[in-house]
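Please build the complex by placing chain B on the supplied structure of chain A, with the hints as guidance.
What follows is each chain in one-letter form.
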Amino acid sequence: MRDGITPCVLLFAAFGLALAFAPRSAWLPSLGALLSTLAAPSIVSSGRGWLDAAFLGCWISVIIIAGTVQLFRKLPSWAALLLSIDAGAWASAVTSLTGSRLQVLAVSPCVLIVWPAVCVTRRYGPIPIRVASSWLIAIAALSGFLQFLPVTPGYLPDHLE
Amino acid sequence: MSITRVLALLGILFAAGPASAHTGTGLPGGWTAGFMHPLAGFDHLLAMMAVGMWGATLERPLIYVLPVLFPALMVVGAGLGMFSVPLPRVEIGIALSVLTLGTCIALAIQPPIWIACLIVGVFGVFHGDAHGKELPSAADPIRYSAGFVLATGLLHVAGIVVGSLTTRPLGATMARSFGVLIAISGIGFFLRAIIA
Numbered sequence: 001m002r003d004g005i006t007p008c009v010l011l012f013a014a015f016g017l018a019l020a021f022a023p024r025s026a027w028l029p030s031l032g033a034l035l036s037t038l039a040a041p042s043i044v045s046s047g048r049g050w051l052d053a054a055f056l057g058c059w060i061s062v063i064i065i066a067g068t069v070q071l072f073r074k075l076p077s078w079a080a081l082l083l084s085i086d087a088g089a090w091a092s093a094v095t096s097l098t099g100s101r102l103q104v105l106a107v108s109p110c111v112l113i114v115w116p117a118v119c120v121t122r123r124y125g126p127i128p129i130r131v132a133s134s135w136l137i138a139i140a141a142l143s144g145f146l147q148f149l150p151v152t153p154g155y156l157p158d159h160l161e
Numbered sequence: 001m002s003i004t005r006v007l008a009l010l011g012i013l014f015a016a017g018p019a020s021a022h023t024g025t026g027l028p029g030g031w032t033a034g035f036m037h038p039l040a041g042f043d044h045l046l047a048m049m050a051v052g053m054w055g056a057t058l059e060r061p062l063i064y065v066l067p068v069l070f071p072a073l074m075v076v077g078a079g080l081g082m083f084s085v086p087l088p089r090v091e092i093g094i095a096l097s098v099l100t101l102g103t104c105i106a107l108a109i110q111p112p113i114w115i116a117c118l119i120v121g122v123f124g125v126f127h128g129d130a131h132g133k134e135l136p137s138a139a140d141p142i143r144y145s146a147g148f149v150l151a152t153g154l155l156h157v158a159g160i161v162v163g164s165l166t167t168r169p170l171g172a173t174m175a176r177s178f179g180v181l182i183a184i185s186g187i188g189f190f191l192r193a194i195i196a
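Listed in order, the protein sequences are those of chains A and B. Per this note's numbering, residue 1 is the first one in the first sequence, and the count goes up by one each step. Per this note's numbering, residue 1 is the first one in the second sequence, and the count goes up by one each step.
Just chain A, with the same shape it has in the complex (with noise of 0.2 Å):
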């Protein structure tokens, strides 16, 4: 069984990130959508294909929800509404299929890194937070290339072996 619960912190610290550039005025209503995605049934049903489709969707929509960082300047607040909405069915598609929807509400908290991130930005300008999101693009890059993969080739030698 694949971990749901990884695939989820990197969505939510993907939209915190995101959020950091949405207006105020969007925060609550995005949570909210947030995390009522989170607490609806879940659409999915239960099988390997769909669990592929998942995390396939998860990994994509980090990308995606990472992705806007480095395109927005200011990210428009019905896009972070849809951003919310969308980080909310996967994370819940994920973790449904994965039997770990509980541990989801422990790690939602994860959002609440808009504030570091709104506070960095002000300091520094959006550089860091723009370097940390393209850290998140790259691992759900990776985690989507994994998926493909009948074994991963760890069983070859190290490079420096």
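Each hint should be verified, as a subset may be incorrect.
As the list claims (entries may be wrong) - Have a look at the derived ranges for each label pair, beta carbon to beta carbon:
| hint | chain 1 | residue 1 | chain 2 | residue 2 | range |
| --- | --- | --- | --- | --- | --- |
| 1 | A | 25 | B | 85 | 18 to 24 Å |
| 2 | A | 56 | B | 85 | 17 to 23 Å |
| 3 | B | 161 | A | 73 | 24 to 30 Å |
| 4 | B | 196 | A | 24 | 55 to 61 Å |
| 5 | A | 122 | B | 60 | 14 to 20 Å |
| 6 | A | 56 | B | 177 | 45 to 51 Å |
| 7 | A | 73 | B | 118 | 44 to 50 Å |
| 8 | A | 35 | B | 85 | 41 to 47 Å |
| 9 | A | 60 | B | 42 | 32 to 38 Å |
Just so you know, these hints were derived from the structure itself, not from any lab. Note that beta-carbon positions come from the ideal geometry of N, C-alpha and C, so glycine has one too.
Relative to chain A, chain B alone:
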């Protein structure tokens, strides 16, 4: 059960190490292993610090474009490595990255933006290929990936901090001295890669 027995039992439980049978194949997986991996290889460590240092000495927009570009191209390289797409002499590529980036810092070379991006991007692919081939088949490759991307990023940040010293008195000399040391290490890695 007496208190002595309970304490003895607890003592045994806490003193026991993890069982090491059937640890799976390949490298140990998980976040900590991934985080420690770029720090354990001196060639990777120096190259990643050099990317941050060089970006900082070149200033905007390269101060953040290079540290964003490197992990992105590393992922491309890791993908090639994972799918066993052959790259020519990866070890030599990694050694050359240390040598080239060290030389650029030491000589304060300021190329056009696209050339700096091209240099860092190509070397990012080589580093990514090496890491991609080493992703563990056991344990948790996703957390391993998260660990090593974070460690890579923090090495860039460390390089940016050192590179930012150039704005202070003696800072430029210090940064260029670091560049010389990195380039000398690069020569060592290059010779080792050729001899191997």
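Exercise. Taking 45 to 51 Å as the hint, is the beta-carbon distance of residue 56 of chain A and residue 177 of chain B inside that range?
Worked result: Between residue 56 of chain A and residue 177 of chain B, where Cβ atoms are some 47 Å apart, the hint holds.
Exercise. Can the suggested window of 18 to 24 Å be confirmed for the beta-carbon pair residue 25 of chain A and residue 85 of chain B?
Worked result: violated, 48 Å
For this session: Can you let me know if the beta-carbon spacing of residue 196 of chain B and residue 24 of chain A is within 55 to 61 Å?
Result: Since residue 196 of chain B and residue 24 of chain A have Cβ atoms about 57 Å apart, the given range 55 to 61 Å holds.
Exercise. Within 32 to 38 Å or not, the Cβ separation of residue 60 of chain A and residue 42 of chain B?
Worked result: holds, 36 Å
Problem set entry | Status of the given 17 to 23 Å range, CB of residue 85 of chain B versus CB of residue 56 of chain A | About 21 Å separates the Cβ atoms of residue 56 of chain A and residue 85 of chain B, which means 17 to 23 Å holds.
Exercise. For the pair residue 122 of chain A and residue 60 of chain B, does the Cβ-Cβ distance stay inside 14 to 20 Å?
Worked result: For residue 60 of chain B against residue 122 of chain A, whose Cβ atoms are near 19 Å apart, the range 14 to 20 Å holds.
Exercise. Falls inside 44 to 50 Å, the C-beta gap from residue 73 of chain A to residue 118 of chain B?
Worked result: Because 27 Å falls outside the window, the suggested range is violated.
For this session: May I ask you to test the hint 41 to 47 Å on the CB atoms belonging to residue 35 of chain A and residue 85 of chain B?
Result: With a Cβ separation near 43 Å, residue 35 of chain A and residue 85 of chain B satisfy 41 to 47 Å, so the hint holds.
Exercise. Quick one: are residue 161 of chain B and residue 73 of chain A within 24 to 30 Å, going by C-beta?
Worked result: holds, 26 Å
In summary, the structure is inconsistent with hints 1, 7 from the numbered list given earlier, while agreeing with the others.
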